[in-house]
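Based on the provided sequences and hints, a complete structural model is requested.
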Amino acid sequence: MDYFELLLLGLLVICGIATCITKNLLSSIVIFMAYSVIMSVIWALLKAPDLAVTEAAVGAGISSILMFLTLKKLRDIRKKAEDEKREEEEH
Amino acid sequence: MKNGKKRSIKAFLRDWDAGRFDLDAAAAEPYSAAPEGESAEGTATPEESLPRRDVKAYRAVYPLLAAMLGAIMIVFLFLAVLDLPAFGKAGNPSENEVVRRYVESGLSETGAVNIVSGVILDYRAFDTLGESHVLFTGLAAVLILLLELDGKKEEPDLGLIRMKADSILGTAARLLIPIIVLFGIYVILNGHLGPGGGFSGGAIIGAGLILYAEAFGYEGLERFLNFRSFRIICLAALWFYSISKCYSFFCGANGLHTVFTTGTPGRILSAGLILPLNIAVGVVVACTMYGLYSLFQRGRI
Amino acid sequence: MTEVLQKLWDVRVFLAAVVLFAVGFVTLLLHRNLMKKIIGLNIMDTAAYLLLTALGFIEGRLSPIVLGENTDPLLYVNPLPAGLVLTGIVVSVSVTAVLLALTVRLYKRYHTLDLDVIYATAMKEHGVN
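Chains as they are written, first to last, in the numbering used here: chain A, 479 to 569; chain B, 826 to 1126; chain C, 46 to 174.
No lab work stands behind these hints, which were simulated from the structure alone.
The calculated DSS-like cross-link candidates involving lysine-lysine, where the alpha carbons are at most 25 Å apart (straight line), are:
1. A:Lys501 to C:Lys82
2. C:Lys82 to A:Lys557
3. C:Lys153 to C:Lys169
4. A:Lys563 to C:Lys169
5. A:Lys563 to C:Lys153
Now the stretches of chain C that chain A is said to cover, found in silico as 3 or more residues with beta-carbon under 8 Å:
6. 50-61
7. 66-73
Quick caveat: nothing in here was measured; it's all calculated off a predicted structure. Ideal Cβ positions, reconstructed from N, Cα and C, are used throughout, including at glycine.
Structure (structure tokens):
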């Protein structure tokens, strides 16, 4: 029990650091999702099941989905700007 | 009046995107049509060397200062943490008479088997009302920032066709969505009896709605969840919360008899106002989550 | 030596929370990418929540859901940090959504996520040196 908790804490810190030093934004967000899931398991071990359920739904689900959607939107904006620039050059 | 406001926001956002809007110029006069960025770029070349050097020095010094600040903060936090009482041992100062009071009389006063639910929706219900409004305000801010006022019909339709062609996602969603939504409803209705409640259940239902929109497009959802019904549902839930809590506060403060009794602990219809409030919070959270997704995905609800 | 190790073992969860808080703080300060800043802020949030929850935990006790009619306070862990943190999680997700929307808006105008470039461009546009 103690060792499992220690393992989870170690994984949590590793995930936290990896999220911040990863260069690629997409993989950084995926690691952040893993971080949230580990956090929710730790909360279940700390006898706070309400928090575990909420963090699993909100942190790993909704926050990460919003970040993915932001990346998608940024890519759309970039593509649109590139298309406009190409059209201007052609004219 | 309504129309004029809408147009001004629209003009502001369009100009801001084009880089034409300038706060100082807007304060002095209605903004000029000439793009001033070009003229600034054209004339500022000799003067640019000065700010550039500044920026370079700033860029060199800033990480050093930031790292130093971070290191100092970490040292202080470590020292503070070493002084904390041992983790997981009985008798630490956070276990005081407040907790004892809540645990001893929480069940008989609120009727909620889950003490956390009893605390956040009965003793500190006003706080939770503010929290629901924070969510709603956040949604309103995102609505202002991301709502696409020039209605573009092509992009969502293209997305719809692509999504409908994906049969793996469709089959998996058809199997999963009923289970997800049912589980969300269970978590909301069981909030006073076990772990869960409005926030987690609402987030789960929101995730189910997001999966539905991703797999089958927005047509099916728009039949009952368009912008109009969205506003009505959110506001009705918030109003219901406020009014029922007003009634409860009024009766409680004046020692009157309320129609909401605590009932038998352990039954689904017990714990007074906690079950309806859980449902109201769950509705607000589910709508907010779906609304955020829809705004980020296609710029409207 | 063993004393120091014992002390560190006693506060292990708090130490993890502090390390995560520091990681988030340094990311927030040092990264120039706006998305990375938002992720750092989220990590700081969860670290603070972890510290709060760990303060209320007591070994060998049950989660605060009443068993039968037994309302002995020595049987359950502290329910108050859980209530506080539940509020915090939901507020932090709405803060994240607003920050992401602002990021999209900034990207639409400046076509970059680098905060320094955005700042320099904005300064040049306003004619401030």
